[in-house]
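*Asks:* Each chain, letter by letter, is given below.
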Amino acid sequence: MGPRIFLLSLHVAAILVGIWGGLQVFDAVTK
Amino acid sequence: MKTALRWAGSLIGAGGVAFCITVLYESMRAVQKIGGTCASGNQPFQVSHPCPNGVPGLMTGAIFGGLFFLALFAFCVGDRGRPAVMLAWPALFLSLGWNFLYFGINPPGGGTSWGFLVCAVLFILMGGAPLLYLVPTLWKALLGEDDGSSNATSKTVLPEFGMGTSAMTSPPSGWSTTATAPPTVTSIPTVASTATTRPATATSGNIASELERLASLHARGDLNDTEYEEAKRKALDGRSS
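Top line first, the protein sequences correspond to chains R and L. Residue numbers 1 to 31, in this note's numbering, belong to the letters of the first sequence in order. Residue numbers 32 to 272, in this note's numbering, belong to the letters of the second sequence in order.
For the record, the hints were derived by calculation from the structure and aren't laboratory data. The beta-carbon is built from N, C-alpha and C at its ideal position, and this holds for glycine as well. It cannot be assumed that every hint is accurate.
[To be verified] With a Cα cut of at most 25 Å, we get these calculated SDA-like pairs of lysine to any residue:
id : chain 1 : residue 1 : chain 2 : residue 2
1  : L       : Lys-171   : R       : Leu-10
2  : L       : Lys-263   : L       : Ser-240
3  : R       : Lys-31    : L       : Ser-126
4  : R       : Lys-31    : L       : Gly-67
5  : R       : Lys-31    : L       : Cys-69
6  : R       : Lys-31    : L       : Phe-95
7  : L       : Lys-171   : L       : Cys-107
8  : L       : Lys-64    : R       : Thr-30
[Unchecked claim] In silico negatives: residues of chain L with every beta carbon more than 10 Å from chain R:
id : residue
9  : Gly-46
10 : Glu-57
11 : Leu-89
12 : Leu-125
[To be verified] Here are some of the chain R residues that sit facing chain L, going by a computed Cβ distance under 7 Å:
id : residue
13 : Gly-22
14 : Phe-26
15 : Val-29
16 : Thr-30
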């Protein structure tokens, strides 16, 4: 696995975590 | 250490932007579900559509938070990550455009909301058009050669998106430097003549540095293929004479 693919995977993971976190925060605040 | 910090910052930035766009997306949907408008606070009039609980604060926070995280991401990735920074624009407009489309077709009161649909077309065009340009650029950057360093100088080889010089030390095959000839093209004769005269008295060490310098100029676009080959040949001829 090249360094670019590794870093890209990390960023995709960070984005997915961000989306998940956004959904959780929105649900918690607007509940 | 500095590189690790920059990558950590870019990860936090990317995640933060995704977080804020998601919050903005959900907040927008919450408002559209009650007709697309709302009000809250100590109003001197009666509010017919009170805002959903927490949405005004979330929306405001998401806008400013998104800008902050995008700035962090842009700072950490530098010139080479500029296409990725610009992806935030399509991400924002396409996600919000989807909301307009969804509620344009399924408005809360039934029927069709043409106002939402007009916004949907506008947002999708604004988000989709740059994406058509960004995706090939990102794909090319992803497949390009890289030495793994993140301290590339700000001298850009592809001015439209600024890939750093370290990424372009070995240009991909088929990539033409002539297409992005910089305004410093007038300096080429000087460079070429220097390359012509210097090797005559150069040692083998100087030859190597001269060849490296020529390769750097070539990669940067200051020399086109023909000029580079000619200068290199003259440098090598100087060594043999």
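*Asks:* Quick check on R/Val-29 please, does its C-beta sit within 7 Å of some C-beta on chain L?
*Replies:* holds, 4 Å
*Asks:* Confirm or reject: L/Glu-57 is not an interface residue toward chain R, with every Cβ-Cβ distance exceeding 10 Å.
*Replies:* The assertion about L/Glu-57 is violated, with a minimum of 4 Å to chain R.
*Asks:* Should the label of L/Leu-125 as a non-interface residue stand, given a Cβ cut-off of 10 Å to chain R?
*Replies:* Holds: least Cβ distance 14 Å, greater than 10 Å.
*Asks:* Decide if the proposed pair is consistent with the structure: R/Lys-31 and L/Gly-67, CA atoms, cutoff 25 Å inclusive.
*Replies:* holds, 20 Å
*Asks:* Hold the hint about R/Thr-30 up to the distance rule: shortest CB distance to chain L must be less than 7 Å.
*Replies:* At about 5 Å, which falls below the 7 Å cut-off, the nearest Cβ of chain L leaves the hint on R/Thr-30 intact, so it holds.
*Asks:* Checking a non-interface call: every C-beta of chain R should be farther than 10 Å from the C-beta of L/Leu-89. Is that right?
*Replies:* violated, 6 Å
*Asks:* Hey, does L/Gly-46 actually stay past 10 Å from chain R on C-beta?
*Replies:* About 4 Å separates L/Gly-46 from the closest Cβ of chain R, which leaves it inside 10 Å; violated.
*Asks:* Given the hint that L/Lys-64 pairs with R/Thr-30, does the C-alpha gap stay at or below 25 Å?
*Replies:* It holds: about 14 Å lies between the C-alpha atoms, which stays within 25 Å.
*Asks:* Are R/Gly-22 and chain L close enough, Cβ to Cβ, to be under 7 Å, as the hint says?
*Replies:* holds, 3 Å
*Asks:* So, R/Phe-26 near chain L? Judge it on the closest CB pair being under 7 Å.
*Replies:* Hint on R/Phe-26: holds, closest Cβ of chain L at ~4 Å, below 7 Å.
*Asks:* Hey, R/Lys-31 versus L/Ser-126, does the alpha-carbon distance stay inside 25 Å?
*Replies:* holds, 23 Å
*Asks:* Tell me if the straight-line CA distance from L/Lys-263 to L/Ser-240 falls inside 25 Å.
*Replies:* holds, 12 Å
The earlier numbered hints that this structure contradicts are 9, 10 and 11.
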